[in-house]
Amino acid sequence: MLKKTTTLGVTTALALVMGASASFADTIKIAFIDPLSGPFASTGTNGLHQFEFAAEKLVNEKGGVLGGEMFEIVAFDNKISPKESLIQLQVAIDQGIRFIAQGNSSGVANALTEAVEKHNKRNPDSRVLFLNYAAVDPALTNDKCNFWHFRFDANADIKMDALTDVMAKDDSIKKVYIIGQDYSFGKAVADAAVANLGAKRPDVEIVGNELHPIGKVKDFTPYARKIVASGADAVITGNWGSDMLGLGKSVIENGYTGPIYTYYAAGSGITAAFGEQGKGTIRLIAQGEINPPATQEAADMYTAYKAKYPDGNIDQSRIFNVIDMLKLAIEDAGTADDVVAVATALEGMEYDSMWGGKVFMRPNDHQAIQDMHIHAHTDEGVTFDYDNSGFGLVTEETVKMAAMDSPSTCDMKRP
Amino acid sequence: MDLILVNLIDGLVTGLLLFMLSAGLTLIFSMMGVLNFAHASFYMLGAYFAFQISLFFGFWMGLLIAPLIVGVLGAGVERYGLRRVHQYGHVPELIFTFGLALLIEELVQFLWGKNQMPYDIPEVLQFTAFAIAGNSIPAYKIFMIFVSVGIFIALLYILTRTRVGMIIQAALSYPRTVEALGHNVPLVFMGVFGVGTALAGVAGVIAGPVLGTFPGMAFLLGSIVFVTIVIGGLGSLWGALVASLLIGWITTFAAAYNIAFADILMAIGFTMPEDLDDSALRDLWTLTLPQIGPILPYLLMVLILVLRPQGLFGKRDA
Amino acid sequence: MTEQATTPTNLRAGRISTLSAAPWVIATLFLLAMPFIFQSNSAITIMNQMAITIIFALSYNMLLGQGGMLSFGHAVYMGVGGFFCVHIMNMVEDMSLPLPLPLLPIFGGLFGLGLATIVGSFSTRKAGTVFAMISLGVGELIAACSIIIVAFFGGEEGVSGDRTYGLPFFGVEFLQQIEVYYLIVFWLIVSALLMYLFSRTPVGRMANAVRDNPERAEFLGYSARWVRFYSFCASGFFAGIAGGLFAINYEILTEENLNLTQSGAILLITFLGGIGFFFGPIIGAIVFTLLQTVLSLQTELWQLYVGALFVATVMYFPGGLAGVLMMHVPAFRLGRAGHLVVPYIITLIPAIIGIFGLCALIEMIFHLRHAPLGESEMTLFWTTFDSHAVVPWLMALVITVVAFAIMRRNMPTLRAAWHRANSLEEESA
Chain A
1 MLKKTTTLGV TTALALVMGA SASFADTIKI AFIDPLSGPF ASTGTNGLHQ
51 FEFAAEKLVN EKGGVLGGEM FEIVAFDNKI SPKESLIQLQ VAIDQGIRFI
101 AQGNSSGVAN ALTEAVEKHN KRNPDSRVLF LNYAAVDPAL TNDKCNFWHF
151 RFDANADIKM DALTDVMAKD DSIKKVYIIG QDYSFGKAVA DAAVANLGAK
201 RPDVEIVGNE LHPIGKVKDF TPYARKIVAS GADAVITGNW GSDMLGLGKS
251 VIENGYTGPI YTYYAAGSGI TAAFGEQGKG TIRLIAQGEI NPPATQEAAD
301 MYTAYKAKYP DGNIDQSRIF NVIDMLKLAI EDAGTADDVV AVATALEGME
351 YDSMWGGKVF MRPNDHQAIQ DMHIHAHTDE GVTFDYDNSG FGLVTEETVK
401 MAAMDSPSTC DMKRP
Chain B
1 MDLILVNLID GLVTGLLLFM LSAGLTLIFS MMGVLNFAHA SFYMLGAYFA
51 FQISLFFGFW MGLLIAPLIV GVLGAGVERY GLRRVHQYGH VPELIFTFGL
101 ALLIEELVQF LWGKNQMPYD IPEVLQFTAF AIAGNSIPAY KIFMIFVSVG
151 IFIALLYILT RTRVGMIIQA ALSYPRTVEA LGHNVPLVFM GVFGVGTALA
201 GVAGVIAGPV LGTFPGMAFL LGSIVFVTIV IGGLGSLWGA LVASLLIGWI
251 TTFAAAYNIA FADILMAIGF TMPEDLDDSA LRDLWTLTLP QIGPILPYLL
301 MVLILVLRPQ GLFGKRDA
Chain C
1 MTEQATTPTN LRAGRISTLS AAPWVIATLF LLAMPFIFQS NSAITIMNQM
51 AITIIFALSY NMLLGQGGML SFGHAVYMGV GGFFCVHIMN MVEDMSLPLP
101 LPLLPIFGGL FGLGLATIVG SFSTRKAGTV FAMISLGVGE LIAACSIIIV
151 AFFGGEEGVS GDRTYGLPFF GVEFLQQIEV YYLIVFWLIV SALLMYLFSR
201 TPVGRMANAV RDNPERAEFL GYSARWVRFY SFCASGFFAG IAGGLFAINY
251 EILTEENLNL TQSGAILLIT FLGGIGFFFG PIIGAIVFTL LQTVLSLQTE
301 LWQLYVGALF VATVMYFPGG LAGVLMMHVP AFRLGRAGHL VVPYIITLIP
351 AIIGIFGLCA LIEMIFHLRH APLGESEMTL FWTTFDSHAV VPWLMALVIT
401 VVAFAIMRRN MPTLRAAWHR ANSLEEESA
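Just so you know, the sequences run in chain order A, B and C. Sequence positions in the first sequence follow our numbering and run 1 to 415. Sequence positions in the second sequence follow our numbering and run 1 to 318. Sequence positions in the third sequence follow our numbering and run 1 to 429.
Bound-form chain A, shown alone (with noise of 0.2 Å):
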């Protein structure tokens, strides 16, 4: 009785799976595996928004590519979870596809990977490309870089050359506190930091380099008044989400005037809780420029985007050079289905992106090239809020083709 029961359960949900399978052959399909429940549900959500929209619009409304293909968003909710993302890999790649986008978290990116690259060595029939928007762990382009791998942002690396190149004109930072979570992108940011300051202004002190457990902090009041205690005039954080939330507000209401360098304190409701506080001293390290925008183009894709989405915001705006380079590559391969021949052709792609500047897809390691943008958090000259808040990031300074020139420890085994 029991077995039957169990078999009968079985049967249909795993013919539920199955079914997905057996849709149309004529789009090309691209796997979005990203949180869609959970804490970190509303950047997944976010950026599946900006997928969709992106594909609709670059592609699908411009008549498709290889004359007439669709591009097709599947969207698998991966819960943040190594674990999870694995077996959504597998049932993407059983449903044909081959193109797996993903972002959120580098120790997903970094499962992800590996995987994938496992994958394709013992399976050559269904190969699968991994477009990394967002995951910005230095390794993934360094050692543990492989062929089927494709960053799109900038990595933490770069971002620390570009934001330290600014830092270093401003003659009034003489003292600089960097904080972070405790694990590897963190630690990654901390290193760069104190490795950049110390090759660009040997004269800036570092008064204070720690880490905090990440997630897991209450108050961060103590944190701030070390900060405070310390004299510092520059604060740079990698944190994101609650922590960067959490750590923000509380320098700032304990009596911290200066800038805060972050990587991540904006969008996804974050903009607004900094709302009036945040003025004057948060700072944002980022690709893509919003405000102003940077070609008509981007500000009416903006627009639409804002007409159906009212709570949204394009907040990451490399979503939009994913989905264009990926279709450039793809009517240059002439196939969609060889995954070698589009990766070849996304290698040392020049693109020129909408949101400014030009991408360059370095071919040793895989690791687009761009240029960085220092935003600062205001209400001024914001054409287009985030969060609808009033406030939005507005650009202050732009390194061009931020590390063009950066070394890579990748040792790139095509096949």
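Hints in this document: simulated from the structure, not taken from any laboratory. The reader is advised that the hints may include incorrect statements.
[Claimed, not checked] Examples of chain B residues lying across from chain A (beta carbon under 7 Å, computed): (1) V6; (2) K114; (3) T252.
Nothing here was measured: the structure is a model prediction, and the numbers come from that model. Glycine included, every Cβ here is placed at the ideal spot set by N, Cα and C.
The hints should help you fit chains B and C onto chain A, whose structure is shown.
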């Protein structure tokens, strides 16, 4: 020296906040024997309700109304959920509250979405009360201290000076006798559960603006509240107070001082390995106190449970 | 029906005979045949995950169901076993040790056992809240260590290995999922059988006694503490085996294998399946894995449904799904289960329709609030409609209300039928 004073104040704020949660939890436990895993979820509900109310009527109405709603909800949960599960025994009760915590988090995400809520400190309290050696103490923190101390005194008064308090105290130690004397113990249970969750709601209302109002806030605080009441001794209000303050200060001071373990190890006679990257113990050598600050309470709890299972002030075994 | 929900009952005593071996033979044949029914890699991946979760859940139930010990940190034994296995896998690769891959889970088990022995030595002294809280504390400490001690746990990226570098095992290199499936199934059957046999040993029996009445067990001359300790160690061993299989299947272990979420999930899975019966956790693991991997593809709100299902289970069926199934055994024995068929059909079908209607309403509210502007079309249960129009709302609402009303109306019939099917037992006996 100044910094120590500042940290004492900061730790006091954290500790008192923790106390508002643990006071309710420990009362509920000692009466009903239920470890309410959803307690921190009511704290979260308090913050979200207050945020929603503050959008229309301002912060102060939120402070007044939100805890009431949370308390009524809590009483409802006791009446229609817990009381039903009670007949199956303690483990299903505990598991029920565990499931409830998951469900409340999902409901909050369903209703308010997954983003941070822009719930902010009221305008009147947005100033610096005073400063100690350049470290400003926001007025809101002073306000938090006053609210929590006020609640503690009120709670102490009700428990020791009123008739209801007497019944509750009696029910704490001899629930069956109290029932035999003709008191409506189920009603007392419901009341205590409602008041306990309302206290958690108050904590949520006043902590939401400083610690952030987001769906993960309950999870962040959930297990630490347990740790507090276990350390203090289950069922002991004074124990909850002492343990809350202890944890508040421990986490604050641990975060405030960058004591490196390498220094300690070298002080007791170990020598630092030449090539740190190859050493299997390299993580121990680079460890600092702030890295492990938030897990110190757990360490303390395990030690206390092993050495003194009834907790610091508890009379009976946990 | 709800009033008669069974509380967890003890495993019925019985000798190991050919009859009791029958379910095992059937289960084995069934597991061997599964890949022929579901051939896609993703189905096999999901089945692998299921099998690993089954072992883990069964090992958890050794504590909760059989020993009455509520643990909030069971994931660490599986995780630590798994981490050691990945490290061994890498050592095998680096030093070309002659260790065939299928033996790897034993090492996972041994390391799980080792950790359980250490922790159990102080945590099993008391049962109840003390044990639960120590497990929570230890779980949190080890999970936190996984981020801090990078050399062993690899930080948040975890540690990865490659299963194919080991010695080929009779020519099998474990390149494909299907080969891994049979390896996992082998271990699933072996460990499930061992765990079942453990529950029949004197220690396993005494674990039940200690769970129900520790004082009396003490008077009978058994040390409640040592009985708990042995159960705890055995449970750690099998959790470690599950960890070893996880290492083989995913070739990576991360912080998520240790954290409280994982420990909470296994509690949920076990309780959902039913802690009172040996096969309860098996059902729980199957259902939960399907919900997690399949339902999450269908709706963003899957966790809401899982949470609601869980709370409803605790409130109305504390025996879990297995308890619900086993409630029917007396009626079947009496040959009176037939009485229940019609009442079930007239109550359950409206109930299911009502639940689907309620889900539809929830999905529609969610769509109305979160869908992009101008996209009012939504697809639900294979029908596409406009979520901003009144008609679908009315339809969903009417269907839900009517279905629940029918269910309520038919409830007494079911209750009466249930009574008939079971109470005759007393008359005839």
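So, going through the hints one by one against the coordinates:
no.: 1; hint: V6; result: holds, 6 Å
no.: 2; hint: K114; result: holds, 4 Å
no.: 3; hint: T252; result: holds, 5 Å
Taken one by one, the earlier hints all hold for this structure without exception.
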